[in-house]
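Throw the hints in and build the complete structure from the sequences for me.
2 protein chains.
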Amino acid sequence: MFIKEITIMSFENYFPLWNDLNTAQKKLISDNLITQHVKKGTIIHNGNMDCTGLLLIKSGQLRTYILSNEGREITLYRLFDMDMCLLSASCIMRSIQFEVTIEAEKDTDLWIIPAEIYKGIMKDSAPVANYTNELMATRFSDVMWLIEQIMWKSLDKRVASFLLEETSIEGTNELKITHETIANHLGSHREVITRMLRYFQVEGLVKLSRGKITILDSKRLETLQRS
Amino acid sequence: MFIKEITIMSFENYFPLWNDLNTAQKKLISDNLITQHVKKGTIIHNGNMDCTGLLLIKSGQLRTYILSNEGREITLYRLFDMDMCLLSASCIMRSIQFEVTIEAEKDTDLWIIPAEIYKGIMKDSAPVANYTNELMATRFSDVMWLIEQIMWKSLDKRVASFLLEETSIEGTNELKITHETIANHLGSHREVITRMLRYFQVEGLVKLSRGKITILDSKRLETLQRS
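Just so you know, the sequences run in chain order Y and E. Numbered per the working numbering, the first sequence spans residues 98 to 324. Numbered per the working numbering, the second sequence spans residues 98 to 324.
Worth flagging that the hints you see were computed from the coordinates, not collected in a lab. Predicted model, so just to flag it, every value in this text is computed and none were measured. This list has only true hints and no planted wrong ones.
Intra- or inter-copy, both count: the list cannot distinguish identical chains.
Dumping the calculated DSS-like pairs for lysine-lysine here, alpha-carbon to alpha-carbon at most 30 Å:
| hint | residue 1 | residue 2 |
| --- | --- | --- |
| 1 | Lys123 | Lys216 |
| 2 | Lys155 | Lys136 |
| 3 | Lys136 | Lys216 |
| 4 | Lys316 | Lys273 |
| 5 | Lys136 | Lys203 |
| 6 | Lys203 | Lys304 |
| 7 | Lys155 | Lys123 |
The structure is reproduced here in C-alpha cells:
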C-alpha cells in the first residue's frame, strides 16, 4: 500500500506543537514517527481498519467521507499541506462514535504519529490535549458547515461551489473529474449531477466533454453560489 | 429570564471531573458557580449572545439547534439530567466556527461554570482538557449521526424515530406536540410533516387530534424506522 519512505527531517517545522513538548515527549514521537508516501486513490483509513494514528500532511491531498450501507458517499472535508488528520486516530477518544473513510486524492507525503503514542502524551499534557481540542473543533466546524449546506442550500448552488473549489485547488478551469465523483463528494446521484451540469452548459456556465468540465463563466458561478 | 436560584449543594456529585481538580481549582469553580432555574421555552444561548459558559443540567431538558436565514430549524441534539453543555461556551475554543441556539424544552435547573473560569482551568489541566475533548467528541458524534439520518434515511423513517424518541422521553403514548414543532426538530416543513402524519394515521400507526398525536402501534413504528 505504501511505496516510498520520505525523510523526517522537517517534521518539527510542520508539527505546530513541537515546542510545547518536553524532551522525553519529543524523543518518544521522533522514535515512533512513521513517514510514508501514499499513492493517489489509496484508502488510508476506514472504520474497520486498526486505529491508524494522527496524520500530518507534508504535501498532497486527503478526502474524509462517510459511506452509506448502499455505497453512497458524501465528503466531510478535505485536508491539504500541513493539515493534521485526527479522525484517523479516533480510537484515542472513546466518545468518537462514528466511522469515516480517508483516501488520498493525490499522491501524498505524510507523517503518522501512532495512536497509542499520541494518546499517552495527550493524557498528561494540557497543551497537547488543548491542541487536540482545537483540531477536533475545526473538523466539527467543517461538518457543521456541511449540515448547513445540505439543509439550507439547493443543489445548484452546491454544485457551483464545488466547481469553484475545484478550480481553486487545481489551479485550472479545465477539471478532469467525472459526474460520479462530483455526486460522491456532494452525497448526490450521478444522474442528478449530470442533469445539473447539462443545465449549467445550456446557461453557458460550463462546457462538458468526456471526463472533463471546463468552467466558462466563474463570475456567474460565484453569483449563483451566493444567491 | 432566570427566575429562581437553586442550591449548589450537590454540584460535586454531578460534575464528573470534580475529583480530578486540585483545591484551588475546586475553590475557583465553587466561588464562581451560578445556579439557575430556567423556564420552559427560554432561549439560554444563541450565537449572538455573550459566551454563556458551560452548563451542567441538574434536571430538565435542553434542545440545541441551528437556524437558517429564513428561520428554518433543525435539532442537533437534546440534553437531559446530568448532561454537560459545551457549545454554550464555544468562545473557550477559537476553532468552533459555528453558532447554535439552545433553548429549555422543559423547566430546567442547571449550573453555569463561567466560560473564562473553565477556560483558565482547562489551559493548565490535562484532565480537564481531555474531559472537554470527550465532551466535544460526544456532540460531534451526535451531529455525525444526524448527517447520516439526513443523507441516507427517508423522512418517514425519521418521523417514526422522532415519535418513538418522544414517547420514550415523555413516558406516554399521547404526545402534546404540534406538526410545526416536529418540522423544526427534523429540519422539514409543517406541510410535509402533516402529510406524513396523515399517511401514518391512514396506516393505523397514530391518531391525530388538535395539538396531540397518539401512538397506536409503536411496534410497527419501530419496524418502519429500522427498515
